[in-house]
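Peer 1: This is what each chain is made of:
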Amino acid sequence: MKVHEYQAKALLSAYGVPVERGVAIRSCEEIEAALDRLGPMPRYIVKAQVHVGGRGLGRFRDGFEGGGVQLASGREEVIRLASRMLGNRLITKQSGPEGAPVTAVWVAEVVDPLLAQFYVSVLLDRKAQRPVILTSREGGGEIEDLAEKNPEKIFREYVHPTFGLEEFQIRKLAFRLGLKDDAQREDFSATLKGMWRILWEKDASLVEINPLALTAVGRLMAIDGKINFEDNGLFRHEDVVALRDIAQEDPKEVRSSQFGLTYVALDGTAACLTNGAGMAMATMDMLNSYGVRPANFLDLGDNSPVEAIREAFRILLSDPHIECLLVNIFGGAMRGTMVAEGIFGALDGQKLTKPLVVRMEGAEAEEGRHMLRAAIPQARFAENLRSLGEMAREAIKH
Amino acid sequence: MAILVNENTHILVAGITGRAATFHSRHCLAYGSKIVAGLRPGKGGQKFDGTVPIYDTALEAVAEQSVNAALIFVPPAGAADSILEAIDAKIPLIVCITEGIPSTDMLRVRERLRESDTILIGPNSPGVISPGKTKLGIMPSYIHRPGSVGVVSRSGTLTFETVWQLTGHGIGQSTCIGIGGDGIHGLSHRDAIRLFNEDPETEGIIMVGEIGGEEEEEAAEYVRRYVKKPVAAFIAGTTAPPGRRMGHAGAIVSGKKSGAAYKIAALEAAGIAVAKNPGLIAETYAELI
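Those protein sequences? They're chains A and B, same order as listed. Taking my numbering, the leading residue of the first sequence gets 4, the next gets one more, and so forth. Taking my numbering, the leading residue of the second sequence gets 14, the next gets one more, and so forth.
The hints are simulated quantities; they were obtained by calculation from the structure and are not laboratory data. Honestly, I wouldn't trust all of these hints.
Taking lysine to aspartate or glutamate pairs in the EDC-like style, the calculated list, with each CA pair at most 20 Å apart, reads [unchecked claim]:
1. B:56 with B:20
2. A:130 with B:124
3. B:289 with A:393
4. A:130 with B:204
5. A:130 with B:128
6. A:205 with B:69
7. A:357 with A:322
8. A:130 with B:231
9. B:241 with B:211
Keep in mind that this is a model prediction, so the values were computed, not measured.
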């Protein structure tokens with residue numbers, strides 16, 4: 004689960020990380036009071052809060068110019084910028100053509116000049132099967148680019164999950180980054196300790212500060228912040244769940260997650276009902292290899308009740324762009340008859356007008372196929388994965 | 014012969030009274046699996062389906078029955094604790110079916126595993142089966158056929174798909190292992206391939222991987238150096254959009270290395286035959302032999 008920059012900064016600050024001073028504003032009515040709290044500043048930065056990246060180079064859907072991150076020299080200008088951004092939609096290279104809704108803006112003092120910009124993150128390293136801290140003197144840019152071009156410029160330190168982060172590890176990284184001053188090392192230590200504790204105590208999968216700035220007065224300060232939380236850990240963190248901004252998510256993905264389904268919207272025209280993540284991915288790959296573009300990734304899991312299957316099929320039907328529906332079920336616990344019942348529930352007595360191709364194996368598959376054949380006359384039944392691809396291609400052509 | 018599990022595997026099912034555990038335990042028993050004990054704190058002394066004794070702790074179960082494997086169905090909040098309990102009881106093989114265990118919990122498990130001789134399969138695994146001998150998991154029984162191909166996969170349903178294709182081609186399986194779709198987990202692709210390679214009655218290997226992580230590449234390196242048996246593979250997620258979690262916690266493309274194209278190239282460079290699409294997995298293997 005993603006959270007906004009302002010929410011990440013609030014959490015970092017609560018965990019003792021030095022963070023730039025700023026305020027989050029969620030509605031136009033709040034602007035004046037928020038700026039009073041912040042106090043007068045020579046120059047402000049105003050940042051649209053959306054979950055997608057590329058904000059600075061983004062453009063607003065109503066034509067408002069200047070991007071999602073803008074500078075302001077006085078209070079009046081902040082008010083003008085914030086009120087144009089709030090409620091607007093920001094279109095970035097990651098957002099899709101509709102753009103992401105700006106549900107809040109972050110206003111802070113412009114900190115400059117910066118003597119240095121560091122990169123710091125804490126995440127889980129799958130290869131080592133341990134948490135790792137990544138740091139670099141070359142902060143401020145894309146870490147992926149740096150990792151590819153100059154991997155030697157990234158310093159890493161693995162953290163033992165139960166012993167935790169040791170002081171000497173913090174010192175090692177601090178001196179490698181060239182932090183010789185005691186006060187700077189204290190800031191750095193507070194930063195790393197806070198980030199590690201958030202990862203460990205809140206089940207975050209990524210805690211990232213880019214950049215961690217060295218300010219003109221010689222202190223460290225987070226001027227950006229990003230935290231991703233692991234979905235598997237959310238059940239034990241009500242405070243984290245409260246940070247969720249569902250306006251940033253695809254409505255179909257939100258609906259499906261309420262039923263324990265995994266749905267990822269794609270831009271094709273063949274709707275897919277599948278069980279198991281691997282099979283759902285393989286179905287996508289199969290369709291693409293036949294020139295059929297999937298409209299979604301959908302993993303029913305293997306243990307969903309009929310209600311969840313019904314909801315899944317409803318979500319598929321609600322997409323106006325789809326040309327055909329594909330069912331690919333290989334059930335262990337999931338029975339074919341349940342899948343058929345779920346589909347009937349979603350149709351609710353209505354006739355299915357679009358082509359339907361079904362591939363079904365596993366528990367009660369024959370009965371499930373029989374039920375669907377009897378009720379949906381145009382349904383076609385694929386014997387295997389390949390014929391599912393072939394039949395899907397024919398269904399799209401017609 | 015098979016690897017990891019066979020007719021002498023004596024199973025303790027943790028969380029045996031749960032809905033899914035009950036359903037799948039019955040299917041395992043029907044397949045001939047030797048479930049000798051159940052675990053459910055507070056229900057010790059009772060019996061599952063009137064036959065399998067239930068214990069309060071793993072230690073008691075191990076003391077009274079000849080347990081040498083644990084099959085875990087405990088819900089996510091308590092699953093890692095259940096794995097730790099089985100490690101503590103020195104059960105040599107643990108298969109964890111539970112999906113949705115937080116990674117921080119699994120990191121603690123990983124540290125304990127480093128200090129023990131226990132092998133963990135999963136979590137978020139469909140289980141492991143040696144066809145005709147025993148099954149510990151949720152796979153449909155009828156799709157399997159005893160034989161000499163070892164199958165290892167990160168996905169449940171895609172394992173079923175692979176096995177079904179093999180059986181359709183008349184190719185039987187020695188052991189089929191689902192290592193699970195989570196980022197932090199036990200047995201790796203490479204570990205499984207090493208075991209298959211050392212098993213005299215496994216004649217060939219199929220690896221079903223997916224986007225995310227670098228495990229398939231590590232396995233490919235092992236194959237390149239040590240494996241003479243034919244190896245075929247499939248990588249799911251060639252057409253997955255980057256940065257999106259595709260159902261499995263572990264299936265996310267982050268950077269070039271975890272993408273399908275990079276993985277496929279690494280596999281092919283190691284001499285592994287990679288199926289062009291998921292409908293061709295068994296065919297790709299059949300062409301090798």
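Peer 1: Now, for every hint given, state plainly whether the structure supports it.
Peer 2: Verification of the supplied hints:
1. B:56 with B:20: 28 Å, violated
2. A:130 with B:124: Roughly 14 Å separates the two Cα atoms, so the pair holds.
3. B:289 with A:393: At roughly 15 Å apart (the allowed maximum being 20 Å), residue 393 of chain A and residue 289 of chain B satisfy the hint.
4. A:130 with B:204: At roughly 14 Å apart (the allowed maximum being 20 Å), residue 204 of chain B and residue 130 of chain A satisfy the hint.
5. A:130 with B:128: Given pair residue 130 of chain A, residue 128 of chain B holds - Cα atoms ~18 Å apart, limit 20 Å.
6. A:205 with B:69: 31 Å, violated
7. A:357 with A:322: 12 Å, holds
8. A:130 with B:231: Measuring from Cα to Cα gives roughly 9 Å; hence the hint holds.
9. B:241 with B:211: 11 Å, holds
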